[in-house]
Amino acid sequence: MNIENLNLDEILQEIENAKSKEEIERIKNKYLSKKGIFLSIFASFASLTKEEKVSIGARINKMKMSVEDKLKQKELSQFYEEINQRIENEKIDISLPSRKQKLGAKNPFQLVVDDITEFFLNMGYKVADGPEVELDHFNFELLNTPKDHPARDMQDSFFINQNTLLRSHTSAVQAHVMQDAKGQVPIKIICPGKVYRRDNDATHSHQFGQVEGLVIDKNISMGNLMETLTLLLRHLFGKNREVRFRPSYFPFTEPSVEVDVSCFNCNGKGCSLCKDTGWIEILGSGMVHPNVLRLNNFDDKKYQGFAFGIGIDRIAMLKYGIDDIKGIYTNNVEFLEQFAKEGE
Amino acid sequence: MVFSLNILKTLVDLENIDISYLKERLTFSGFEVEDVKFNKKIDNLAIGLVTECIDHPDSDHLHLLKVDIGNEVLDIVCGAKNVKKGVKVILAMVNCVLPNNVVIKESTIRGYKSYGMCCSLKELNIDDSYYPDDIKNGIFICDEKVEIGKQDVFKTLGFDDVYLDINVLANRSDCLSYYGMAKEIASLVDRKLLIDDKLYNFEKLPLKRNCKSATSKCQKLDFVELQIDENKTSPQWLQEVLRKCNVNSISCLVDIGNFVMKMTGQPIHVYDLDKIGKYKNIIVRDDVETTFKALDKKDYQIQKNDLCVMFDDNVECLGGIMGGEHCACDENSKHVLIEAANFFHQNIRLTSKRLNLISDSSTLFIKKVNPYLTKEALTLFINTCKLVFKKAKVVSISSYSKLKPFKNKIPFSISKLNNRLGSNYSYEEVKKALSSLRIKLYKNYVIVPIDRTDLVEQCDIEEEVFRFYMARNINLTLDKMPITVGSLTDEQHNIKKLHNRLTNLGLDQIVCFTLISKQQHELVQVFKQEEPFIVSNPMTADHEYVRTDLLPSMIETLNYNVNHRHTDLALYEISNVDTKNGVKNLLSVGLANFKFNRDKLEFHKFDFYDMKGIFESVMDVYKIEPNRYVLKPSTNDFFHKGISADVFINNKLVGTFGLVSPKITSVKPYFLMELNLSSLQEVRVNQQKMKPISSYPKVSRDFSFILNNNVSFNNIIDVIRKTCGKNINSIKLFDYFKMDDNQTSIGLNVEFVNFEKTFTDEELKLMSNKIIENCERTLNIKLKGE
Chain A
1 MNIENLNLDE ILQEIENAKS KEEIERIKNK YLSKKGIFLS IFASFASLTK EEKVSIGARI
61 NKMKMSVEDK LKQKELSQFY EEINQRIENE KIDISLPSRK QKLGAKNPFQ LVVDDITEFF
121 LNMGYKVADG PEVELDHFNF ELLNTPKDHP ARDMQDSFFI NQNTLLRSHT SAVQAHVMQD
181 AKGQVPIKII CPGKVYRRDN DATHSHQFGQ VEGLVIDKNI SMGNLMETLT LLLRHLFGKN
241 REVRFRPSYF PFTEPSVEVD VSCFNCNGKG CSLCKDTGWI EILGSGMVHP NVLRLNNFDD
301 KKYQGFAFGI GIDRIAMLKY GIDDIKGIYT NNVEFLEQFA KEGE
Chain B
1001 MVFSLNILKT LVDLENIDIS YLKERLTFSG FEVEDVKFNK KIDNLAIGLV TECIDHPDSD
1061 HLHLLKVDIG NEVLDIVCGA KNVKKGVKVI LAMVNCVLPN NVVIKESTIR GYKSYGMCCS
1121 LKELNIDDSY YPDDIKNGIF ICDEKVEIGK QDVFKTLGFD DVYLDINVLA NRSDCLSYYG
1181 MAKEIASLVD RKLLIDDKLY NFEKLPLKRN CKSATSKCQK LDFVELQIDE NKTSPQWLQE
1241 VLRKCNVNSI SCLVDIGNFV MKMTGQPIHV YDLDKIGKYK NIIVRDDVET TFKALDKKDY
1301 QIQKNDLCVM FDDNVECLGG IMGGEHCACD ENSKHVLIEA ANFFHQNIRL TSKRLNLISD
1361 SSTLFIKKVN PYLTKEALTL FINTCKLVFK KAKVVSISSY SKLKPFKNKI PFSISKLNNR
1421 LGSNYSYEEV KKALSSLRIK LYKNYVIVPI DRTDLVEQCD IEEEVFRFYM ARNINLTLDK
1481 MPITVGSLTD EQHNIKKLHN RLTNLGLDQI VCFTLISKQQ HELVQVFKQE EPFIVSNPMT
1541 ADHEYVRTDL LPSMIETLNY NVNHRHTDLA LYEISNVDTK NGVKNLLSVG LANFKFNRDK
1601 LEFHKFDFYD MKGIFESVMD VYKIEPNRYV LKPSTNDFFH KGISADVFIN NKLVGTFGLV
1661 SPKITSVKPY FLMELNLSSL QEVRVNQQKM KPISSYPKVS RDFSFILNNN VSFNNIIDVI
1721 RKTCGKNINS IKLFDYFKMD DNQTSIGLNV EFVNFEKTFT DEELKLMSNK IIENCERTLN
1781 IKLKGE
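Chains as they are written, first to last, in my numbering: chain A, 1 to 344; chain B, 1001 to 1786.
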């Protein structure tokens, strides 16, 4: 092969025209392999003079470098072309459903319990517990409701026998807590739990939940109670809610108050939720009756306190717009799973 | 209780009172006004005198009337049976719009013109329940004294009354009467009380000492003997008052008794002495067993603890509930004995409930009647008799009382009040509130009125001031509350963690009823030694047993969802159960059918190992290491013997999980678990400490064995661990399949660790050979391929 027969532009054009990896490889072999054109030209150098060797060698090297560069460039562009094609081919539908661990849902009953519990833990309360099958003594008598008390007719309870019943309110836990405290203060507890009454309609179930609260110390006042409940209700229903107190009667507190919150559905204008009153009745509470303190071995001259009871189901129904209390206890997963994100 | 404003107005000066103000004041002082009812005013009404009434010639029931309404006389065609010449009627004139939106027009009825309509009470939308039948079935006939003419007819006839439905709380039974409520209202709205509280001069009467009580359940008896001329129909005003109190008019004496009861809250009974004849003593007993015919003509079985008023040996009245038929007062009664007594509320409640005999009187006694006011009631009775009868002579009185004197003096401190209410009421403010409520304030005590037996100690007085001023002057603050650390117990903390863990595993939490049916209870019990509580007064048989296990509720919930086309389920419940052995906290889990991901693209059928994984997660929450518990094939017949496990900790059963036995045909093949969380809580666990990590490389070798069915994965693990001891870092299963009914192929990846040096090939070879040898020898299994 003679150098004069080589035209660099033609070679470069040949490379440019290559259509595939194979073709590039073939051109590469043709010019750059051991048996390739460039090396064969070097092989024919023997007959040349030293000067010729230098000048032609330089020309060939330059030419060879151009060919090598061009091939590298071509290889690279060919690579990108193929990669791009592959990327195009590998495209997926990103709108298809994802793979994720399904998050289970807590029952709205639990959501309310957790919410209220967290609120009171942050306020320095502890959580107390008591039996659901309860002695009449704890459910009534230690709470200033002796056997002949007219208020016994207010609640119809499930009895196991004459002295044992399913507790009709979480207030029964008050008596346990006070008995266990043996006259020592401070007491600051809540008790979420299930209670039972012989009742059954859209807003009443024979089983429902309450959170009891009890605080006893030296100078606990009605003002403390009212502030605590105001903070709680704003926590539950929004910070712009108004809270009002109506005097009421419970055997175990005096003074007693029922607490209403301004309707969060209509902002107090009146709607079906609040029966056009603008207010929603939410809980009962009051200052612990001195009789209750005395019955549970606390010196009522030294100590005083407040207690409240709030309906868990009622809060859940109001907060989540549940229209039938039975939804909570039926546990239809279609119902439950709506609340999955609330439980995080 | 529903109160008529017009009646209240006779007892307290409520002239021009704003109803909405009254309602607010009552509601925020502890007397919630639940409803305010009144008759809607109707225009174009008149009272007319029927001056002529002839039969319609072409009708068998219509009448042709001429009705004089003062300035004109109208022709009216009327179909009422009770219309006649001379009566005064309510006339709806032309253009009058009745409550049912009918507009009265000039019309022609069978050839005769009619310029209006005589109205019945129903047509005016007025409750006629307590009117005589002829008024109910016909038109309303006005009292003959009313003036005719166009006017505000409702006002003239008293139909403009307002009815307040007031929720009287259980401690204020004094307000279940008009006098009590009038006093309360007078205090709250600062109006003058019009009640004449002058007592009749009983001292001047001949005193008979012929009554007494043989039971502590009746501590007060007052009888007044009375002679009257004629027990006729009550005057209109009395009938009207009773109607407003929803009481039927019977006869003068009975009506006066009811009137006194409604006014004072003290039930009254009237005995016809002529019917009783001669007697020596009246005695109240609670130990009588007999049959008693009451006023309602029914026989009742009297037993111990029923309070009986006996004239000598005869029961004449079931005290506080109902009188006897034998001595019932009727139109011929002239010589009567009026009883105002006090009966213990619990006896009345039990008797009334047992006999299913409820009267206005028993309703009052059940809610406690003030025993100190019997004379006040008798005074009103006597005074009313003097208004109603031409002749009424009080003959004698007979009294009995074992009551302690009323304690009207209560120690009281204003500073204590302010401390407990969190208020800063001044002496003047407290005095003003108390004196409005007829309570006299002295330096360190108060004097309360005798009609307020609910006031007995400091806190009762505090409540009076609190409700009088409502929440005014009370500072809403957390000041003076003790500062304490809020915290959960370890047990509560673990349960909270468990809820989060299980929901993060994708399980939905259920909350179920504690009361279940007998069948549900008997279906499955994991902890068999538990004896259930059974409710003695269940509402239905579905809710009779207090559950000892959570699985019956879990199965019910799974079934409910499956039946409602939610077939793929993963549910859990955490709840206390109460049994005769005490309270314990349980967890139940239920898995059904498939676990799906990416919609329905990827799925996995739940199996035993899913449940085992959940079980191990629970153990993780309680930090219980696998070496602390033992799983054995379950011996509980409810579960599939081959696909279930009983969990033991320290040889005590703490739970069971697995597949429902195919023998239990009533339950679908769910995977179920029940664990006793209280037992898990009792397991003592150590504080987590760091374990050292070897700085030499770990090496692993794979082993494949073929084993018989009587050898378990755990058996091999045990042998390997025993063989190489602390040099084993982990053993992992990488292959498992059943070759046939008897043989299983198993592939294990064993990772070796050394804390002192790098293993040599010879050492590894030696350990591997020892593993193979020990497994083959002790377990009789073969290395695969040999």
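Mixed in with the good hints there might be a few duds.
Unchecked claim - Calculated pairs, SDA-like style, for lysine to any residue (alpha carbon to alpha carbon, straight line, at most 20 Å):
| no. | chain 1 | residue 1 | chain 2 | residue 2 |
| --- | --- | --- | --- | --- |
| 1 | B | Lys1600 | A | Arg294 |
| 2 | B | Lys1088 | B | Thr1291 |
| 3 | B | Lys1595 | A | Ala18 |
| 4 | B | Lys1595 | B | Tyr1622 |
| 5 | A | Lys341 | B | Leu1505 |
| 6 | B | Lys1732 | B | Glu1751 |
| 7 | B | Lys1443 | B | Lys1496 |
| 8 | A | Lys64 | A | Ala18 |
| 9 | B | Lys1497 | B | Asn1597 |
| 10 | B | Lys1580 | A | Gln162 |
| 11 | B | Lys1416 | A | Leu12 |
| 12 | A | Lys126 | B | Gln1492 |
| 13 | B | Lys1496 | A | Asp129 |
| 14 | B | Lys1641 | B | Leu1601 |
| 15 | B | Lys1040 | B | Val1097 |
| 16 | B | Lys1497 | A | Leu121 |
| 17 | B | Lys1623 | B | Lys1738 |
| 18 | A | Lys326 | B | Lys1084 |
| 19 | B | Lys1497 | A | Ala340 |
| 20 | A | Lys147 | A | Asp129 |
| 21 | B | Lys1726 | B | Asp1702 |
| 22 | A | Lys100 | B | Leu1505 |
| 23 | B | Lys1770 | B | Asn1742 |
| 24 | A | Lys218 | B | Thr1635 |
| 25 | B | Lys1580 | A | Lys301 |
| 26 | A | Lys126 | B | Leu1505 |
| 27 | A | Lys302 | B | Ser1413 |
| 28 | B | Lys1726 | B | Tyr1696 |
| 29 | A | Lys275 | B | Gln1239 |
| 30 | B | Lys1784 | B | Ile1731 |
| 31 | B | Lys1496 | B | Lys1584 |
| 32 | A | Lys100 | B | Asn1597 |
| 33 | B | Lys1518 | A | Asn161 |
| 34 | B | Lys1496 | A | Lys275 |
| 35 | B | Lys1732 | B | Ser1617 |
| 36 | B | Lys1084 | B | Pro1099 |
Claimed, not checked - Chain A stretches covered by chain B per the calculated footprint, using a threshold of three residues with CB under 8 Å from any CB of chain B:
| no. | stretch |
| --- | --- |
| 37 | 3–11 |
| 38 | 32–38 |
| 39 | 182–188 |
| 40 | 242–248 |
If you're looking for bench data, these hints aren't it; they were derived computationally from the structure.
Think of the CB as a built atom: it goes at the ideal place given N, C-alpha and C, for glycine as much as any other residue.
Here's how the hints hold up against the structure:
The suggested pairing of Lys1600 of chain B with Arg294 of chain A is violated, with an alpha-carbon distance near 64 Å, which exceeds 20 Å. For the given pair, Lys1088 of chain B sits about 50 Å from Thr1291 of chain B by alpha-carbon distance, which is inconsistent with the 20 Å threshold. For the hint linking Lys1595 of chain B to Ala18 of chain A, the alpha-carbon distance of about 54 Å lies beyond 20 Å, and the restraint is violated. Between Lys1595 of chain B and Tyr1622 of chain B the CA atoms are separated by roughly 26 Å; this puts the pair beyond 20 Å, and the hint is violated.
Of the pairs offered as hints, the one joining Lys341 of chain A and Leu1505 of chain B holds, with about 14 Å between alpha carbons and a cut-off of 20 Å not exceeded. Taking the CA atoms of Lys1732 of chain B and Glu1751 of chain B, the gap is near 8 Å; set against the 20 Å cutoff, the hint holds. With a C-alpha separation of about 55 Å, the suggested pairing of Lys1443 of chain B with Lys1496 of chain B is violated against the 20 Å cut-off. Of the pairs offered as hints, the one joining Lys64 of chain A and Ala18 of chain A holds, with about 18 Å between alpha carbons and a cut-off of 20 Å not exceeded.
The hinted pair formed by Lys1497 of chain B and Asn1597 of chain B fails the criterion: a straight-line CA distance of about 25 Å is larger than 20 Å. For the suggested pair Lys1580 of chain B and Gln162 of chain A, the alpha carbons sit about 16 Å apart, so the restraint of at most 20 Å is met. Pair hint Lys1416 of chain B plus Leu12 of chain A does not hold up; C-alpha atoms about 108 Å apart against a cutoff of 20 Å. This hinted pair checks out: Lys126 of chain A and Gln1492 of chain B have alpha carbons roughly 10 Å apart, not beyond 20 Å.
Proposed proximity of Lys1496 of chain B and Asp129 of chain A is supported: the alpha carbons are some 15 Å apart, at most 20 Å. A distance of roughly 33 Å separates the Cα atoms of Lys1641 of chain B and Leu1601 of chain B; the hinted pair therefore is violated under the 20 Å criterion. Restraint check for Lys1040 of chain B and Val1097 of chain B: satisfied, since their Cα atoms lie roughly 12 Å apart, inside the 20 Å limit. Straight-line distance between C-alpha atoms of Lys1497 of chain B and Leu121 of chain A comes to about 16 Å, which keeps the hinted pair within the 20 Å bound.
In summary, the hint linking Lys1623 of chain B to Lys1738 of chain B is not supported, as the alpha carbons are separated by about 34 Å, beyond the 20 Å threshold. The straight-line distance between the Cα atoms of Lys326 of chain A and Lys1084 of chain B is roughly 59 Å, outside the 20 Å bound, and the hint therefore fails. This hinted pair checks out: Lys1497 of chain B and Ala340 of chain A have alpha carbons roughly 16 Å apart, not beyond 20 Å. Our distance criterion of 20 Å between C-alpha atoms is broken by Lys147 of chain A and Asp129 of chain A, whose separation comes to about 25 Å.
Taken as a hint, the Lys1726 of chain B and Asp1702 of chain B pair is honoured in the structure, with Cα atoms around 18 Å apart against an allowance of 20 Å. Pair hint Lys100 of chain A plus Leu1505 of chain B holds up; C-alpha atoms about 11 Å apart against a cutoff of 20 Å. For the hint linking Lys1770 of chain B to Asn1742 of chain B, the alpha-carbon distance of about 26 Å lies beyond 20 Å, and the restraint is violated. For the hint pairing Lys218 of chain A with Thr1635 of chain B, the CA-to-CA distance comes to about 57 Å; that exceeds 20 Å, so the pair is violated.
Between Lys1580 of chain B and Lys301 of chain A, the direct Cα distance comes to roughly 39 Å. Violation of the 20 Å bound is thereby established for this hinted pair. Restraint check: the Cα-Cα separation between Lys126 of chain A and Leu1505 of chain B comes to about 29 Å, which exceeds 20 Å; the hinted pair is violated. Restraint check: the Cα-Cα separation between Lys302 of chain A and Ser1413 of chain B comes to about 14 Å, which is no more than 20 Å; the hinted pair holds. Of the supplied pair hints, the one linking Lys1726 of chain B and Tyr1696 of chain B holds, its CA atoms being roughly 14 Å apart against a limit of 20 Å.
Proximity of Lys275 of chain A to Gln1239 of chain B is assessed by CA-CA distance (about 36 Å); at most 20 Å being required, the pair is judged violated. This hinted pair checks out: Lys1784 of chain B and Ile1731 of chain B have alpha carbons roughly 18 Å apart, not beyond 20 Å. Pair hint Lys1496 of chain B plus Lys1584 of chain B holds up; C-alpha atoms about 16 Å apart against a cutoff of 20 Å. Straight-line distance between C-alpha atoms of Lys100 of chain A and Asn1597 of chain B comes to about 7 Å, which keeps the hinted pair within the 20 Å bound.
Restraint check for Lys1518 of chain B and Asn161 of chain A: satisfied, since their Cα atoms lie roughly 18 Å apart, inside the 20 Å limit. Between Lys1496 of chain B and Lys275 of chain A the alpha-carbon distance is near 37 Å, which puts this suggested pair outside the 20 Å criterion. For a cut-off of 20 Å, the pair hint linking Lys1732 of chain B to Ser1617 of chain B stands: about 19 Å separates their Cα positions. For the given pair, Lys1084 of chain B sits about 26 Å from Pro1099 of chain B by alpha-carbon distance, which is inconsistent with the 20 Å threshold.
Residues of the stretch 3–11 of chain A lying with their CB closer than 8 Å to a CB of chain B number 0, which falls below the three-residue condition for coverage. With 0 residues carrying a beta carbon less than 8 Å from a beta carbon of chain B, the stretch 32–38 of chain A misses the three-residue requirement, and the given coverage is violated. Interface restraint, the stretch 182–188 of chain A with chain B: holds (3 residues with C-beta to C-beta distance below 8 Å; minimum three). Remark: the stretch 242–248 of chain A is confirmed as covered by chain B, as 5 of its residues place a Cβ nearer than 8 Å to a Cβ of that chain, reaching the required three.
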